[in-house]
Amino acid sequence: MSARLLRSVCTAALAVLAAIPCTAPAGAAPVPDDGAPRSVSALLTDMRKLYQQAEEATEDYNATEVKLKAQQAKVKNVGAGLTGARESLVRSRAQIGQLARQQYQGSSELSSYVELLLADDPQHALDQKHLMDRAQQGRLSTVARFTNGERRADTLAAQSRKVLAQQQALAAKQKKQRDTVRTKLTDVEKMLASLTAEQIAAIAEREEADTDKAQKKLITSGALGDAAPEPEATPEPATSTETEISTEAGARTVPDTATRSGGASRSLRAPSANGGKALDYAVEQIGKPYRWGAEGPEAYDCSGLTSRAWARAGVNVPRTSQQQWAGLPKVKLSELRPGDLVVYFPKATHVAMYLGEGKVVHAPRPGSRVKVSPLASNPLLGAVRPDPGAGPMDAESYRPPKLPPGATKGSDTGNNTRAGDVSRS
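Oh and the sequence shown: position 131 is 131 in my numbering, straight run, nothing missing.
To be clear, the hints were calculated from the coordinates, so they are not data collected in a lab. In this text, a Cβ means the ideal position worked out from N, Cα and C, and glycines have one as well.
Cut-off 25 Å, straight-line C-alpha distance, at most; resulting in silico cross-link-like pairs (SDA-like, lysine to any residue):
#1 Lys67 <-> Lys173
#2 Lys217 <-> Thr45
#3 Lys213 <-> Ser368
#4 Lys49 <-> Glu295
#5 Lys162 <-> Leu68
#6 Lys49 <-> Gln174
#7 Lys402 <-> Glu284
#8 Lys409 <-> Pro379
#9 Lys69 <-> Ala172
#10 Lys213 <-> Leu44
#11 Lys175 <-> Arg291
#12 Lys277 <-> Gln323
Per label pair, the in silico range of CB-to-CB distance:
#13 Ala157 <-> Asn316: 28 to 38 Å
#14 Pro405 <-> Gln166: 43 to 53 Å
#15 Val90 <-> Thr183: 48 to 58 Å
#16 Lys175 <-> Gly406: 34 to 44 Å
#17 Ala73 <-> Ala157: 11 to 21 Å
#18 Pro297 <-> Val66: 12 to 22 Å
#19 Lys217 <-> Gly389: 29 to 39 Å
#20 Ala390 <-> Thr147: 49 to 59 Å
#21 Ser334 <-> Gly406: 28 to 38 Å
#22 Gly84 <-> Gln168: 19 to 29 Å
All chains should be modelled from the sequences, with the hints used to inform the complete structure.
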C-alpha cells in the first residue's frame, strides 16, 4: 500500500475516532463474544457487510423516493381536477338556482304554452315555440351538467383521498428506510471508532490486495474479451511501431508500448455519442463526495451518479441500481464499451460506469468520493447498456476523457471473493 494511501486512511480513521466515543479501551482490538481478538480478514468482512447493508438500504430508500415523487405528481393532478370540478359545480348550482327562481316567478312551461294557444298570430306563435324548445333544451342541459358535475366531484374527492393516503404511506415507508440507512451508517462509525489506526491501515492494505487479486483473475479469465488490458508489466521505452487491432465493436489501433493504469491495452473500444457524453460528465464529478440519496450536482450515491450522467447526455435511465439492472438491456462483459453500466452484488445494490481498459467510474460508498476503480472492485453481477440501438463512435477519432489527478485515490470497500467468477457468456 502506498504511503499516500496509508496516510489518507489513517487520517480518515482518526477523524472518526475524534468524533465518536470509543466503545472499547484505547488500543484494544474488537473482540467477539468469546473474547478472542478479531483477525484483519474478519474485520474487513464485517466492514464490507456493514457498508453493503447501508448501500442496500440506500437503494431501497431511492426506489421509494421515485415512487413518492410519482405519487406526489398524481396527488397534484387529482387535486387540480377536483378543484376544477368543484368550480364547475358552483357555476352549475348558480344556473340551477336561476331556473328555480324563474319557475317561482311564473316563467313556467305551462304559462308559455297558454300564451301560444291564445296568440292572434299563429306563425309568430310557432316561432316562439321554437325558441321555447331551445330554451327547454338549455335548461335540461344545465340540470344534466349539474348532476354529472356532482358525480365527478364525488368521484374525484374519493380518488383524492385514496392517492393522498398512498402518498402518506410512501412517506412513512421512506422515513423508516431513512432511519434504517442512518442506523447502518452509525454501525459503520461505531466499528471504525473501535479500531486502532494500525488496524484500519491493515484492513485497507488487505482490501487493496484482494481487489488486485480479483482484477487480475477477471482479466486473465478472458471475460472482457479483446477490450481487456494486458497484465501488469514493466514498461519499455516508447517506439513508433503500432499493432493493428481488431476493429470489432469499435476497437482501434494502439501503439505496442502504450502503457496505462492496469497495463497496456490490447484494444480500446469507443462509446456511442451519448455514452461518451455521459462518461465525460461522470469523469467531471470525480472527487465529489458520496452521500446517500444524492443525485448531484454537489454529491452523489452510486445510482445517482449514473442516472444523472446519462440524463445529461439526453437519455433517461431508472434512478436506482436495481431498476437499472432490471429495466435496461443486458450486455456481455466481452462487449463492454465506455458508458455502459456495470452492476454489482447479487441484489444489484451497486452500479458504476465503465471507463474502458478494465476500469470504472463510480461513487463507491459512504465516506468516499467519486473515483476510478478496477472493474473487479466489487462482486460483478453483470452489465447493461442505456442506448442499445446506438452504434459506437468512430474508434480512430475517439479519445478517452482525461482523468484528474488523484482519480484512483481512496478505498473501494467491496467483497471481492466472487469478483473474478464471471462467465464469458
